[in-house]
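Chains as they are written, first to last, in my numbering: chain A, 1 to 451; chain B, 1 to 111.
In short, the hints are calculated from the structure, not lab data.
Just so you know, even glycine gets a beta-carbon here, dropped at the ideal spot from N, CA and C.
Certain hints may be false.
Below 35 Å or equal to it, Euclidean Cα-Cα: the simulated DSBU-like pairs (lysine-lysine) are [to be verified]:
(1) A:Lys424 with A:Lys3
(2) A:Lys3 with B:Lys2
(3) B:Lys90 with A:Lys223
Distance windows between CB atoms, simulated [as the list claims (entries may be wrong)]:
(4) B:Arg55 with A:Phe446: 42 to 50 Å
(5) A:Glu309 with B:Lys90: 28 to 36 Å
(6) B:Asp102 with A:Arg74: 53 to 61 Å
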Amino acid sequence: MSKVFIGGAAGFAGDRSDAGVPLVRALAQCDGPRFLMYETLAERTLALCQVDRRQDPGKGYSAALERLLTPVLRLCHEAGVRIVGNFGAANPSAAAKKIATIARGLGLPIPRIAIVEGDELALSSAELALREIGGTLLSREQSVISANAYIGAQPIAEALDRGADIVVTGRVADSALALGPLVHAFKWNLRDLDRLAAGTLAGHLLECGSQVTGGYFADPGVKDVPGLAEVGYPIAEIEEVGDLVVTKPADTGGRVDRLTVIEQLLYEIHDPASYFAPDVVLDLNNVEVREVDVDRVRVTGARGKAAPETLKATVCIDAGMLGEAEISYAGINAMKRAALAADIVRERLSRRAPKLELRIDAIGALSILGTTGNTDWSSWETEDVRLRFSAQSHDSDLVELMLNEVEALYCAGPAGGAGVRRRKLPRLASASCLVERHHVKPRVSFLEDAS
Amino acid sequence: MKMRLRDIANARSGDKGNRLNIALVCHDAAHYETVAEQVTAERVAGAFAARKPSRVVRYDLPRLAAFNFVLDDVLEGGVNASLGLDGHGKSLSFLLLAMEIDVPASSNTNN
Numbered sequence: 001m002s003k004v005f006i007g008g009a010a011g012f013a014g015d016r017s018d019a020g021v022p023l024v025r026a027l028a029q030c031d032g033p034r035f036l037m038y039e040t041l042a043e044r045t046l047a048l049c050q051v052d053r054r055q056d057p058g059k060g061y062s063a064a065l066e067r068l069l070t071p072v073l074r075l076c077h078e079a080g081v082r083i084v085g086n087f088g089a090a091n092p093s094a095a096a097k098k099i100a101t102i103a104r105g106l107g108l109p110i111p112r113i114a115i116v117e118g119d120e121l122a123l124s125s126a127e128l129a130l131r132e133i134g135g136t137l138l139s140r141e142q143s144v145i146s147a148n149a150y151i152g153a154q155p156i157a158e159a160l161d162r163g164a165d166i167v168v169t170g171r172v173a174d175s176a177l178a179l180g181p182l183v184h185a186f187k188w189n190l191r192d193l194d195r196l197a198a199g200t201l202a203g204h205l206l207e208c209g210s211q212v213t214g215g216y217f218a219d220p221g222v223k224d225v226p227g228l229a230e231v232g233y234p235i236a237e238i239e240e241v242g243d244l245v246v247t248k249p250a251d252t253g254g255r256v257d258r259l260t261v262i263e264q265l266l267y268e269i270h271d272p273a274s275y276f277a278p279d280v281v282l283d284l285n286n287v288e289v290r291e292v293d294v295d296r297v298r299v300t301g302a303r304g305k306a307a308p309e310t311l312k313a314t315v316c317i318d319a320g321m322l323g324e325a326e327i328s329y330a331g332i333n334a335m336k337r338a339a340l341a342a343d344i345v346r347e348r349l350s351r352r353a354p355k356l357e358l359r360i361d362a363i364g365a366l367s368i369l370g371t372t373g374n375t376d377w378s379s380w381e382t383e384d385v386r387l388r389f390s391a392q393s394h395d396s397d398l399v400e401l402m403l404n405e406v407e408a409l410y411c412a413g414p415a416g417g418a419g420v421r422r423r424k425l426p427r428l429a430s431a432s433c434l435v436e437r438h439h440v441k442p443r444v445s446f447l448e449d450a451s
Numbered sequence: 001m002k003m004r005l006r007d008i009a010n011a012r013s014g015d016k017g018n019r020l021n022i023a024l025v026c027h028d029a030a031h032y033e034t035v036a037e038q039v040t041a042e043r044v045a046g047a048f049a050a051r052k053p054s055r056v057v058r059y060d061l062p063r064l065a066a067f068n069f070v071l072d073d074v075l076e077g078g079v080n081a082s083l084g085l086d087g088h089g090k091s092l093s094f095l096l097l098a099m100e101i102d103v104p105a106s107s108n109t110n111n
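Given these sequences and hints, build the entire structure.
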């Protein structure tokens with residue numbers, strides 16, 4: 001076998017559902033083991049799914065599952081492309097059942113679906129608090145909603161070894177979604193650190209979908225990207241020694257070159273000598289990135305150091321409700337009217353909800369750069385500004401009060417206030433922990449064994 | 001000549017909790033030394049002073065003609081705690097790209 005081909009079809013749960021189709025068509029033309037990988041779990045996503053599962057034991061998988069998989073299941077079946085995704089979220093076995101239902105609805109044979117579990121931690125909040133990295137959130141807050149360790153590639157490789165067409169996981173290291181198929185296809189030894197590092201790098205380059213092929217890159221006039229509206233998602237062609245080429249399907253938009261690849265290579269990295277994954281610590285210092293053809297970039301030189309003794313876990317806790325309300329002021333003297341509106345809401349809430357922490361931004365003037373809620377807008381002369389008020393509290397009534405105060409500006413505030421929008425939604429806070437490996441016991445099962 | 005970083009480099013930011021990283025990649029490897037001399041961790045800390053970083057570290061990647069800046073405690077607690085609009089800090093790469101640098105004519109191979 002010469003190469004393994006992995007397509008990165010989703011970088012988050014909100015990613016495009018049609019991105020997978022050109023990938024599977026391109027993978028169908030490749031000679032070698034082929035996989036499609038879906039990364040859909042941001043830090044909070046799993047906690048939101050855990051809330052769903054508590055309300056309905058048949059739910060708790062990624063809400064994007066059906067939307068993402070429906071367009072590709074038939075193509076993958078026909079082309080022999082196997083799928084690995086963490087869309088199982090808080091309930092991988094329910095996700096497996098759902099995939100079987102989708103396949104049945106499409107008139108396809110039921111695929112062999114593997115379920116990877118064991119990321120959920122059975123530790124108490126006090127035990128988790130002892131393991132929190134650099135914070136005190138967990139010792140102050142006791143209402144843990146979800147606690148999941150990032151597990152590695154081994155159970156994914158095992159599932160594929162046992163013949164899975166589709167592997168459904170909950171929380172795993174994003175990069176393990178690629179490393180697992182590589183360990184399986186190349187029979188890599190789990191002590192071969194440089195190969196594990198290379199596979200982790202492959203996963204890191206693929207895990208954000210089009211962020212390596214021209215997505216999240218364009219700056220018109222400086223960094224232009226052709227055909228961004230139909231940007232192609234990435235394919236990594238990996239050799240047995242771990243060297244790889246990043247490319248994308250022909251006839252898609254986007255670009256793959258040194259700059260797009262390096263931006264993603266360093267995305268969410270801290271010390272490039274030590275990128276921690278469950279199976280290996282990846283050292284990027286000797287990595288070389290070379291354009292070898294149009295939209296083909298070769299990446300070599302990943303080095304591995306021994307895996308960390310502990311596993312990282314994300315713990316999500318209930319942080320009450322978040323409220324956001326907005327109102328616009330436009331035309332002559334807009335900024336001064338907006339400032340008056342802000343003062344009115346601030347003054348009324350200081351009497352009626354003195355403990356509520358309120359943040360006010362002036363969108364169009366000062367809302368992001370150089371600010372942590374700075375409300376000195378005196379130097380701004382914009383004639384089109386949108387005020388945004390936000391507050392968070394465990395007392396939902398206080399948040400509601402804030403929203404009402406903003407809405408009341410319609411009649412009782414400065415002249416010309418317009419376009420109020422308001423929303424209130426549950427807020428989750430998250431903390432990171434390091435847990436000893438014996439608390440985490442990954443396990444693989446198959447949907448057909450359950451039924 | 002005076003330029004902005006945006007003219008000779010790209011940047012992308014990412015978050016983990018309350019920590020921000022910004023990768024800065026030179027369009028042309030010939031500019032690597034110039035950027036290394038002028039875009040120091042101290043200077044980046046100054047550019048982000050409004051967000052009060054507790055620590056700024058620059059990692060150098062000469063083989064990639066790139067740098068990785070790691071800024072601690074600049075995301076208002078992070079995306080799950082901040083009341084601001086950009087709790088991820090995704091837009092903040094452009095704050096770095098606005099930085100002015102003095103590019104010697106000899107290294108300015110693009111023009």
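Verification of the supplied hints:
no., hint, verdict
1, A:Lys424 with A:Lys3, "violated (50 Å)"
2, A:Lys3 with B:Lys2, "violated (47 Å)"
3, B:Lys90 with A:Lys223, "holds (17 Å)"
4, B:Arg55 with A:Phe446: 42 to 50 Å, "holds (48 Å)"
5, A:Glu309 with B:Lys90: 28 to 36 Å, "holds (33 Å)"
6, B:Asp102 with A:Arg74: 53 to 61 Å, "holds (58 Å)"
In summary, the numbered hints that this structure violates are 1 and 2.
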